[in-house]
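For chain C, the structure is supplied; the task is to place chain B on it using the hints.
First to last, the sequence lines map onto chains C and B.
Positions in the first sequence are counted from 1; adding 749 to them yields the numbering used here.
Positions in the second sequence are counted from 1; adding 8 to them yields the numbering used here.
There are no misleading hints in this set.
Okay, derived cross-link-like pairs now, DSS-like style, lysine-lysine, Cα gap no bigger than 30 Å in a straight line:
id, chain 1, residue 1, chain 2, residue 2
1, B, LYS42, C, LYS815
2, C, LYS865, C, LYS928
3, B, LYS140, B, LYS114
4, B, LYS114, B, LYS141
5, C, LYS928, B, LYS138
6, C, LYS865, B, LYS47
7, C, LYS928, B, LYS104
8, C, LYS947, C, LYS989
9, B, LYS138, C, LYS868
10, C, LYS947, C, LYS995
11, C, LYS865, B, LYS114
12, B, LYS47, C, LYS815
13, C, LYS815, B, LYS52
14, C, LYS865, B, LYS138
15, B, LYS138, B, LYS114
16, C, LYS868, B, LYS141
17, B, LYS104, B, LYS141
18, C, LYS1111, C, LYS995
19, C, LYS1111, C, LYS947
20, B, LYS47, C, LYS763
21, C, LYS763, B, LYS42
22, B, LYS104, B, LYS140
23, C, LYS815, C, LYS763
24, B, LYS114, C, LYS928
25, B, LYS104, C, LYS868
These aren't lab readings, by the way, just hints derived from the structure by calculation.
Here the structure is a predicted model, which means the values were calculated and not measured.
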Amino acid sequence: MKSEKRSFRRDPGKLLSSAVKLFFFSAFLLLGLKDYAWQAFALALAVPAMISLGVNFLPRLFPADKLLLSLTNFLCALGVLVLYATNPAYAYQQALYYGVGLAAMVVCIYLVRLIKHWKIPVLLLMPVSLALLVLPLIIGRETNGARNWFYVGGISVQPSEIVKLSLLLIISYFMSRRKLLPWLIFAVGCLGLLMLQKDLGTALMYYGVTLMLFYASSNNLLLTGVGLAGGAGAAVLGYKLFAHVKRRVAIWQNPWSDYDNAGYQIVQSLMAIASGGLFGVGLGLGSPRTIPVYHTDFIFAVICEQFGLIFGLCVLLMYVAIIWRGATTAMAARTSFHGLLAMGATLMIGLQTFVIIGGVIKLIPLTGVTMPFVSYGGTSLVSSMCLVGLLQGVASLNEDDLNEDTRLAMLGSQEDMA
Amino acid sequence: MPENIYEIISLGARYWFAFLGLLIVWRSFSWLRKDRRAKHRRLKHLPDAGMIGEMVVLQGSDDLPEGTAIPVPRAGVLGFLRTCDVVVPVDGVAGKHIDFSFQDGKGLLLFPLRGQSCVVDDTELTHRSKTKKHPMCHGSRLEVGDAVLRLRLFAGLDTEYRPLYADEQAHHMPFQDDVTSDWQDAAYIYHQEPAPWAEQQNPWLQEDQPYYEEPVQQDSWVEQPVYPTYQQQGYRQPYRPPYQQPYQQPWPQPEEPFEPAQARQKQSRFRRRRSHEE
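The following block holds chain C by itself, in its conformation from the complex (with noise of 0.2 Å):
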């Protein structure tokens, strides 16, 4: 019994997950004492119930990273409960579609630990992926001033998430091969699709995510510097060329210059947040949803108000330890694919919440891309738990290798006694 009790209190595991878990059932049993619904004791109970489906039994299946789960299983449910505390329909959805997410984690962790020839479904993704990004163009519909919606059964699908996770694998596979032409013309023929559908965010994503992948794979600073100083060349030309990148530059700049009109969203976010203070206004008070998109782009403005600076700061070292944990993860793959895969995906996940991050507190102009795991919808949240799948994927094989390393060192060592 007290050997129990000991172990319990070492097991980092689980000292994480029962604080993430007591963190969610208190919140929403906040929100539920405020109108006495049950959806949200629901939630009080489910939330905590799908954490320990996450944390404490996936591992079972595989050797998982444990640290990386509790931290993606935190990230989700605090997006489900600051929406629930925002706009509760989009919460249940969140929640459907957190459920999702963790199948699609799932499902990848497999691909990547099963698949040990990567040539077919490289080759396969790659027309389909590019047919992906087309069908915006054709059937979609424009939101925000971007085409990159398109509408299959009733359900909004964003294939430039989809497409993210083919990018990875596809980039990665050629570069590992040393393969320069075939990853480059993928690469171009994604950001042209993307320019088309004016969806600069992810286009700025996509081109960062290759520049730097294409860094650790060859360590080749000159051409990288070379990739850089044409990015900063485009970038300066849209500036040149297009109306809306200068006035978004100019937002930034000032956002009071027009506070109510073209600066209004940032204004908004930037008065959130100072009205939050250190602590926050408090869950469920305040008024969140005077900012313009508080449930995508704008929710770390949300978190900040709700819940103050001091764990608008926590949440950063949260993505902080994720990404820390992805590059030890890389640095450790046996294989340049699987390093590549894991670079690429942790570069994906750190370079997107940048972006959202520092448009939101007025760090760097605002590009449209949604927070990972914590903004609503559907295709964002699980096109971010499967870039943790491919992550934990890489991270299950290391561990096999680690393993079947000790396994050959004690062969060894008992062939020498024998």
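For chain B alone, kept in the frame of chain C given last:
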């Protein structure tokens, strides 16, 4: 619930949430730190983790003496720069000379960088040649610049089977030249245990002294820790075929021990000479 009461509870709860957020961050970072330490500790006992084998230097330089074994990772770069994965500080080797990666079922594939070349088992490779047709397998020989290296793969790796240099393998047999050494040595080589008469010939070994002393469990009421023996801690051994097994003589060493590394001289690329013809 009345709004004013909810407000008070919620205002109080925000400190609880901030505390939990800080706790979660603290626990995850301490977990990261713990994991890092545990991994270092584990890898300290597995010096060969992630390595597929080693390159033994047959001909090197002052910085890289002959007989050195350089561990080879699964993929990386060979060159004289310290940042390379396999560092060969020998004349004629470029800063980054060869890009290599191990492919299961095939062997170690070499991709010489632009303008560089190397010789694998008498086949010259440049960055234009079809290098995937000439993988290195266990016992393969690599000439880079003035250096000559031999690849030793660890056991359990899946590679192509290619017989390499029957003459050299024969040369590696211990006491192959020493024709007078009789069947007693052969018996030792095949049975991998000291011959019964070796024990008697060893002047250092006393009659009553065992080869290896087992750690004795002390007879006391305090529970004694059981330490793993050195061999149980385990170092992965490179695979050596029987004819390359390190042969430790139970009797005092002769003055000039057999050293295959010294026997390897720089050889012509076009004609291989047998060492016993020289």
